[in-house]
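Asker: The chain contents come next:
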Amino acid sequence: MLLSRHANHLFWLGRYIERCDHTNRFVYIQYDSILESPSDEHKRIVLNSLGNMFGLNQGFSDLNDPIILQNELMLHETNTNSIRFCISRARNNTMNVRNILSVEIWENVNRLHLFLDNAPEHIQMQGMNFELNQRVTEYCALIRNSINSTMLHDESWATIRLGIHLERSILISRILISQLSGIEKLNDEHEGDPLRFTLLITLLKSLLAKDMYYKTRSKLLSISGVVEFLITDPLFPRSINYNLDNARKIYNRIFAKENQDEICYEINRLVDHFKYIRSEDIGPRPMEFLKKYLNLIEQVTYNFERDHLMI
Amino acid sequence: MQISYPVPEGLLDEVCDSQGNLRPIYNDVSRQFAEYDQEGFHKLHTYAKDYLKNQGISFLVYSNKTGTHQEDTFPIDLMPRLIDANEWQSLEAGMLQRNKAINLFLKDIYNKQSILKDKVVPYDLVLSADGYLREMVDFIPPGDIYNHVCGTDLIKDAQGVWRVLEDNVRNPSGVSYVITNRQILKIIAGDLLKSSEILPVGVYPEALHQMLDSVSHHKQNPVIAVHTPGIYNAAYFEHGFLARNMGAHLVEGRDMFVDQNEVYLKTTKGQQKIHVIYRRIDDLYLDPMAFNPDSVLGVPGLFQAYRSGNVTIANAPGCGAADDKAVYAYMPRIIKYYLDEDPIIPNVETFFCDNDAHMSHIKENMKSMVIKPVNMSGGYGIVMGHQMTQAEMDAQYLKLKHNPRDYIAQPTIQLSTHATYIESEKAFKPRHIDLRMFTLMGDQYEYVLKGGLTRVALREGSLIVNSSQGGGSKDTWILSK
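Heads up: the sequence lines are chains A and B, in that order. Going by this note's numbering, the residue at position 212 of the first sequence is 212; the numbering climbs one at a time, nothing skipped. In this note's numbering, each residue's number is its place in the second sequence (first place is 1) plus 1000.
Keep in mind the hints are simulated off the structure, nothing from the lab. Just so you know, not all the hints are guaranteed correct.
[To be verified] When the alpha-carbon atoms are kept at most 30 Å apart in a straight line, the in silico DSS-like pairs for lysine-lysine are as follows:
#1 A:257 / B:1266
#2 B:1119 / B:1363
#3 A:249 / B:1269
#4 B:1363 / A:257
Excised from the complex, chain B in its bound form:
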């Protein structure tokens, strides 16, 4: 299997240069894959698919049409993405910088609100964020940590500059696919991994465990639970994967109860106190007594136990205030305010719909812009200007005008592309990719996963990489030298 294809003008391909020649960093990979003919490589690809299916490495999608849940595997592309050590160093430093700033921001907006009083970030922007929880005001979690686990989405633009696309501070998922992708590549291309000297990713569950340990108020062997909505949640595989690999309990709301502001597990031998809950459910479903009274996923009284300091919840409720795409646009200022540093990794330029000058710009340039709802994830609700007719753009503009707080606009960035095996063509073709990096913040503890989830838009020309919208993923190799 040869890796060579014409690279469209204006795009940056990470594997082939503008002349279609292989970049030197991919020489070893290319040599390995060249040992397979078309049929042989197709068999490898099928083997990987079957492995995912047999292992049940999947996510659930609810179909409105059939009214049932459908289990889909998250396609893996066997062509790994390589990042050299130097490039990685600045990415890692950028993640630590950014997440420290986010943490300080969250602590500030729920307590002193200095950044708001100093008018660095508008009051109403933060207080109107869907993820801002008044219930968290005047409370500081253990270790002063709010964003214990952060998934940051990055892209490489046509000039080769890394930019942060989005901060996922509520319930970032995908890390289990990072580890299982590596497992598959080890089976298929073990020799290549060995000779490439890449940094390991399998230590993540241990690092997560250490981080959760560090933020417990109970220091002697704290009991940790992963709180899942259940087997019908799209990311259930990941919840079970992390719980198993940490030796933590995998619990649903109905497995816990609160008594005298302490949280307990219901076990066959009676109640057992829990000290740290790594929750994978949204804020509003955590506790029907504090938030959504219709929630059956949460635990009545949990939030009161949390505020009493008897249990740690990771990530802290209210982190969504930093998850908001409108707040994202202020991140460079937030970093500067708390750390007195310029961002190591810049943002994508962002336009606000409640700013007249920005709205003029959006109106004139909508064809080359992307409109995003501030509070949605998974790629849902995103509208691409170049896919709209004039009438649709006019309607969209009116929508932005009437709901300015609910949207932001960004110029359409041509994400870098990467050699991706296309099953129907049995050949490698360039497809757009991004990178989700995972950062852990604990008490005197910080860790960035040495790798990440490279997501690939399998459809030609598509810029939407999310699994729920037909995306796939690649193993990401960080070269140690």
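In isolation and in its complexed conformation, chain A is listed as follows:
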């Protein structure tokens, strides 16, 4: 038996951990890519995509400063996009449901929170620090592992997983949108040149998809190939299709009511749509496609919170 308020905290615990992990990786990989940037245009595209992704108002020159970038997106206490903020919210969620989580989950979330709260000065001053990136990556993996391996796979666990899958679907969509907004602006003269190639590789790395993309696609790197992989692949854990399908399974198993479940219908419809999509359905401008479906995913997420959680 799960209190609605507790379910809300569990759901958001999953979302914040996922958000923290994605932000950590995305920011670091984007910044890493401009360290050996093929051109100023590339730098501008990358930094703009960071700005768009996180709604930052700073101009190009500020974002180009690694210390500002790190402080805004990693260590900022109140910027709602920073990983420090995400983890402090995750910790707050964990505190509220401490009695139903394992000690291991609490300890791992708390340790990450303490680490970010007390990040050593040398980390803060260095800017875009590898040590920081690695520690956050490791802790997020530890937290996810402890969720999977120390909890009963019951309604509480399922609620966290639902949060993770829905958040991941949303973040993949947004990362694709933010990256494609730059790539699509390049005209056809750049087809096959290092700039487009670099941007696509960076996009794949941001979603830990590079190796698996090459494993499943023997074709040359292309926008349509990358987009199709990240949207439709049923087996890759960071494709939208995979995550929505898992969200659907969890929802049907735990939350679906016997008759007339509107959310069940919405999720099933979304998943079935993604399941049978091909690149010709996505079209030459995948941005429009992604924006439309991002709205639908966010709507389903909101409806779930409204109907099942205490909001």
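Given the structure of chain A, go ahead and fit chain B onto it with the hints provided.
Answerer: What follows is chain B alone, placed relative to chain A:
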């Protein structure tokens, strides 16, 4: 690390005698600690601090200056306090005796009021107590139990006599630190625990569960909830700790509602009836319809459901009438009245401010007295005579004269001291301690935690041991032999 220091005259130190020699009961502990040099022991101490921090074993303090809540860990001192089996036996018997009497007292003052009619305790003293609730008159909770959980504060005076300092019958806290302190000592000094054959404390949550089970009107697997004010309450860690270790729900007021005098939880699968609420919020915030209408922590209609017998609330509302420090002074008479026994553990001598003879005594001896407000806890509001100037004492006297019901006075007792690791000096020094014992009273069930929270005043010379005022704690070992 050696444990040896000069013991000031007039004080009783539980570890070293007046010549500064180690008492035999501490030989094994001393031998274990002697294996560490200064740096090594300091590392142990730091490890314990980090463990508390990582586990989030903390309490929240609101800062008026910053307007935010600050999370502080409750410092643990690695030097355990040892109590031998014989001494423990009389402490345990004393706790059961005292709490039985408190329970009978509460039942009586809310029903027949025999003790008041027989003038053993003054009417106006009880009826004017802040914790006395008229709403509880003519009602008897399930099992006739009011004080389900009691935290009794004891001290050892300079003559080695145990005395009760205070009864905490409303919302006693601290038991989670007892269990976590033991956990830390197990990690650091596991072999020593094994060889010392000490009684376990980890069974407390199970005992609490059994007690709460026993007082439910619903006998088949009653649903139990721990009612917390929320994550910003100072004792939230303990609320979550107990709920988790009992398998009980941890709920806030907004998680519950009352329908047709039954109390329900709001769950993802619909409503679920609750049978027992272990509440960790004050009486006046329990139910905005019955008490403070501004309360957002409580549940509208809860008190009516309680009086209808559909839910048990532990501790019962109105227990504060026995929590009052002025009523405390009558405890020896209360024990005698209901049990026809003398108290096994005596009180500290107490003086009333509405008694002329007592006020004369207070005026003449204020320098060596402690003035306490009758309704505050956490060490707040306590004034030490020896810390006041003459002008301050005069002002204090006037305050007592104008508000006699609000204060009591007691002679300053030199609490016993105990070897305590002082981080700044990297050495053991004597610091004042007390002991909070926890007693559970259920229907045909009673239990005293085999241990307790030894609280230590970390500042030299201080007699205030409360966590909110810079105190720390020690693991308390009850030797089984």
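Asker: Hint by hint, note whether the structure agrees.
Answerer: Each hint, compared with the structure:
Pair hint residue 257 of chain A plus residue 1266 of chain B holds up; C-alpha atoms about 17 Å apart against a cutoff of 30 Å. Between the alpha carbons of residue 1119 of chain B and residue 1363 of chain B the distance comes to roughly 28 Å, so the proposed pair stays at or under 30 Å and holds. Note on residue 249 of chain A and residue 1269 of chain B: the hinted pairing holds, with a Cα-Cα distance of about 18 Å set against a maximum of 30 Å. Proximity of residue 1363 of chain B to residue 257 of chain A is assessed by CA-CA distance (about 73 Å); at most 30 Å being required, the pair is judged violated.
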